[in-house]
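Residue numbers (this note's numbering), protein chains in the order written: chain A, 35 to 387; chain B, 35 to 387; chain C, 35 to 387.
No wet-lab data here; the hints were simulated from the structure.
Since the structure is predicted, the reported quantities are computational estimates derived from the model, not experimental observations.
Where hints are given, some of them may not hold.
Identical copies carry no separate label here, and so any pair may be met within one copy or between two of them.
Said to hold, decoys possible - The calculated lysine to any residue pairs, modelled on SDA-like cross-linking and capped at a C-alpha distance of 25 Å, are:
#1 K133 - T148
#2 K57 - F258
#3 K150 - E123
#4 K340 - A313
#5 K340 - L316
#6 K361 - L341
#7 K133 - K230
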Amino acid sequence: MEFTVAQVAAMLGGEVKGDGSAKIKMLSKIQDAKPGQIAFLSNPKYEQYIYTTQASAVIVKKDFVARKEVTSTLILVDDPYSSFTALLEEYHKLISFQKSGIEQPSFIGDNSTTGKNIYRGAFSYIGTNVKIGDNVKIHPQAFVGDDVQIGNNTIIHPGVKIYSGTRIGNNCVIHSGTVIGSDGFGFAPQEDGSYKTIPQLGNVIIEDNVTVGGNTVIDCATMFGDATIIREGVKLDNLIQIAHNVEVGKHTVIAAQTGISGSTKIGENCLLAGQVGIAGHLVIANNTSLGAQAGVSKSIKEEGQKLIGYPVFDIKEYFKSYAVFKKLPDLNYRLRELESKVLKHNNAHSSVD
Amino acid sequence: MEFTVAQVAAMLGGEVKGDGSAKIKMLSKIQDAKPGQIAFLSNPKYEQYIYTTQASAVIVKKDFVARKEVTSTLILVDDPYSSFTALLEEYHKLISFQKSGIEQPSFIGDNSTTGKNIYRGAFSYIGTNVKIGDNVKIHPQAFVGDDVQIGNNTIIHPGVKIYSGTRIGNNCVIHSGTVIGSDGFGFAPQEDGSYKTIPQLGNVIIEDNVTVGGNTVIDCATMFGDATIIREGVKLDNLIQIAHNVEVGKHTVIAAQTGISGSTKIGENCLLAGQVGIAGHLVIANNTSLGAQAGVSKSIKEEGQKLIGYPVFDIKEYFKSYAVFKKLPDLNYRLRELESKVLKHNNAHSSVD
Amino acid sequence: MEFTVAQVAAMLGGEVKGDGSAKIKMLSKIQDAKPGQIAFLSNPKYEQYIYTTQASAVIVKKDFVARKEVTSTLILVDDPYSSFTALLEEYHKLISFQKSGIEQPSFIGDNSTTGKNIYRGAFSYIGTNVKIGDNVKIHPQAFVGDDVQIGNNTIIHPGVKIYSGTRIGNNCVIHSGTVIGSDGFGFAPQEDGSYKTIPQLGNVIIEDNVTVGGNTVIDCATMFGDATIIREGVKLDNLIQIAHNVEVGKHTVIAAQTGISGSTKIGENCLLAGQVGIAGHLVIANNTSLGAQAGVSKSIKEEGQKLIGYPVFDIKEYFKSYAVFKKLPDLNYRLRELESKVLKHNNAHSSVD
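Construct the entire structure; sequences and hints are all you get.
See below:
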């Protein structure tokens, strides 16, 4: 990818000051920038760097007045920071979707269809009866099982494994190593102490605009027609466990290494920190915030609480209790002292009374 | 897969009422069923649906008497629920084992043998001197290292990685992304603060009827001739860590994200909840039950205990202590009040005494 | 691999007693050894086995005097244990680096170069502009993205996924399923409750002599030019989460299932036990030791502490507090008793005073 400074300026609705034909390949920080790169200057603290930077272009505020010579081409805009952020997003989109075509060898089963501008990396596997939308990127070594459906603009990173029957919406990103649709953990204890496998025949539904990190696992639902559901806009980090029949509500964010047990329903706009554990068959209210390593063993009915501990309770109360926990040996000592004082006093008293 | 209602009825030892030649492809719930699907009616609460369902067949109790017209073919049995469950299991087995043959490209090294009715998916890799039994399914992108042995009827899902020398028994299921036989975490501290790798030369043995979830890791044992052992019937969930030289006893069940440190021996018929951590070189007695997020730092000698906390103790005692923990600031306050009362009183007393 | 006893003895600087032409293929314990294997005798407790072992050779102390007939060839050395350990290391190195050549099909993009004695397993994928050093082993189904650089003698196990732009040093080992360079977890909340993805454009740098276990995830840094950095000699276990912009200092060891949140900087020579969680934007001092399941929510400034709990404090203090925690119901009871005694006494008093 390569753009002229003039093209970038046009995109940002900015004005070029200097050589508009200079070529831009990459973005960088002003203090690190090299030729072919574009940087920005927003915070006056960094002004010094604009006189020494090797950046081919720098985005600056409209009213910027140079106090020394500037060799970089300038792009004048209203808000350099948000212009740069817009460029970052554009650049990220470009590199995310730049791959296209079909690398060989790759595998696609009978009766499967793919949309326009698809990428199918080498050693990727697509089963039978799969429907894949436009602009989808199936990276190398990814696996897409039979009867899977994937919407438009979704990116499946290298080595993702998607079991049969999974549905994935539009604009999703699934990172490497993640497993979607593996069997729920269901085993019926037998009289001889062994366990019989409960067949897992449901699927996983991932709605639009969902991001899933690396090496996360989302199990399928148990029964035919049931689904483990990840609602629109959910963001899942790495190494998360989502058990069978779980539902994660719209725009809920879950940090790494958290685990949700079977059939639990997480509300909308919740924030779950890392290494949280939630037991099965619970309902967690909307806007619940769970601190790191929290353990939830009962449903949370009131919305908007911030909780922590095992089992969880109010985060401020937890820290107050924990402050006393740290002094427990002292408390214990004081209690014993007091007991002996009271005992001594009472004895003394009873003898004098 | 497609069966006639008559074939299904024969399998269940049931009687057909209606069109026995109707074709069945799938199972469903009575309220959701579509043509080509079979459902069941057991709970009278659902009777209404039998008059509106589109199911091609419904399994009902022998003595079921329709109060309105039923268009579905009926299969009359003693116990519709257990008949349906039997069908689910049969169906699950069928779809689990339906793939066979060798997709190309796939890789198999010298001197490796595979049994009857094998499936080797595209981009699967089998090393040298590997022995694989009958009816084994090696799904796409799975890796089976040199000198590995796998019994009969074992399913290796897409992208599983099995290091050299691993032994896996009969009727096992290993889900996607799981790694078996990676190096144990052994490093000897050196005087300069660096660490020297302790060579990991043992292997992993997985006995019969073991299920392992997705993205779990089972490390090999350290020494030649030693093994990390997963005994018969063990069920491991997703994202579990099993370190070098661990042994997990028969019919023990371990939930997601639990970690067992090196050389620890877990007994038989234990139940470990999610996110449990167990330190190294311990012995955990049979029938031990560990609550979620429990931390075990000492061996557990008495069988049949239910434990929780870090470090663990009796689960009921834990919850009693925790109830007081939540009121610790109040306890602290009351103790201070009492101290000042006693102090005041004693002072008053000593002045009057 | 096969060596004569004489060759092994020469390597160890030992003296052969018996048939120096005997062939050795493997190492074993003296009590388990079979023909073709070499064992050692160091602890006198095991002397009995030297008279019955089938080992083709046994390494013994220089001054060993057999009290019965020994059929194995002996190799006499100063320290049998360390000689055997040296053999183990040599053997481990041999098997780790024995694979070489290019298996087909495998994929390599334009403008990528590999050094001498390389192994590229079947279904491995190397992108464009990749630079790989000498003696590097890219195992089957591994993925190496565009613009990646890998030093010499580094082993990439089956199915590892390395995103574009990652730098990996010399003598590293990356185990199966590990993901390096996936997007950091960065999302900006929007007014409508949804989240906007913050582009993740940095990379991951792994220095020399680093080992990473299986199914670990290391996210890339957020900004261009920034990196998530794993310093020289770091040892990471399985299923670890390393978020964007984290730095792990030289020779730090981290056990399984631990998670480090974004932008946190871990010092040198730290020891983190399993299932530890560390919040974002913290600094952890050198030589810090964190116990299992510890939760760190503030920076740790003093070096060399041993900490545990959530949030962490001194490990000895924690266990003292925890000992009282286990007796909290009793404490609570005693406090109430005391309160009622004092109350009764004061009442009695106030009535008599």
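Evaluation of the provided hints:
no.	hint	result
1	K133 - T148	both (15 Å within a copy, 23 Å between copies)
2	K57 - F258	between (56 Å within a copy, 18 Å between copies)
3	K150 - E123	within (23 Å within a copy, 40 Å between copies)
4	K340 - A313	both (18 Å within a copy, 17 Å between copies)
5	K340 - L316	both (17 Å within a copy, 22 Å between copies)
6	K361 - L341	both (22 Å within a copy, 16 Å between copies)
7	K133 - K230	between (45 Å within a copy, 23 Å between copies)
In summary, this structure violates none of the numbered hints.
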